[in-house]
Amino acid sequence: ADGSFIYIPNAGFYGEDTFTYKAFDGEYYSEEVTVTLIIVKKPIWKLYFPIIVPGGI
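Position one of the sequence shown corresponds to residue 3 (my numbering), numbered consecutively onward.
Please keep in mind that the hints were generated in silico from the structure rather than gathered at the bench. Note that this is a predicted model, so its numbers are computed, not measured. Treat the hints with caution; some may be incorrect.
Label-pair ranges, simulated between beta-carbon atoms [to be verified]: (1) S6 - Y31: 27 to 33 angstroms; (2) K44 - G5: 26 to 32 angstroms; (3) E34 - A13: 26 to 32 angstroms.
The beta-carbon is built from N, C-alpha and C at its ideal position, and this holds for glycine as well.
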């Protein structure tokens with residue numbers, strides 16, 4: 003696994019959504035991280051692409 007994920011909101015859902023996750027390297031778990039997304043009615047841009055977070059996990 004490369005640590006990436008795909009988020010697809012429920013049809014018709016707009017607003018804030020939050021989820022948490024932990025990374026696992028095969029031996030240890032990371033601390034829990036919370037991700038907050040704001041889902042808008044219309045895309046801000048027309049092309050969707052992965053968002054890379056500097057520093058990674």
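Verification of the hints:
no.	hint	result
1	S6 - Y31: 27 to 33 angstroms	violated, 18 angstroms
2	K44 - G5: 26 to 32 angstroms	holds, 29 angstroms
3	E34 - A13: 26 to 32 angstroms	holds, 29 angstroms
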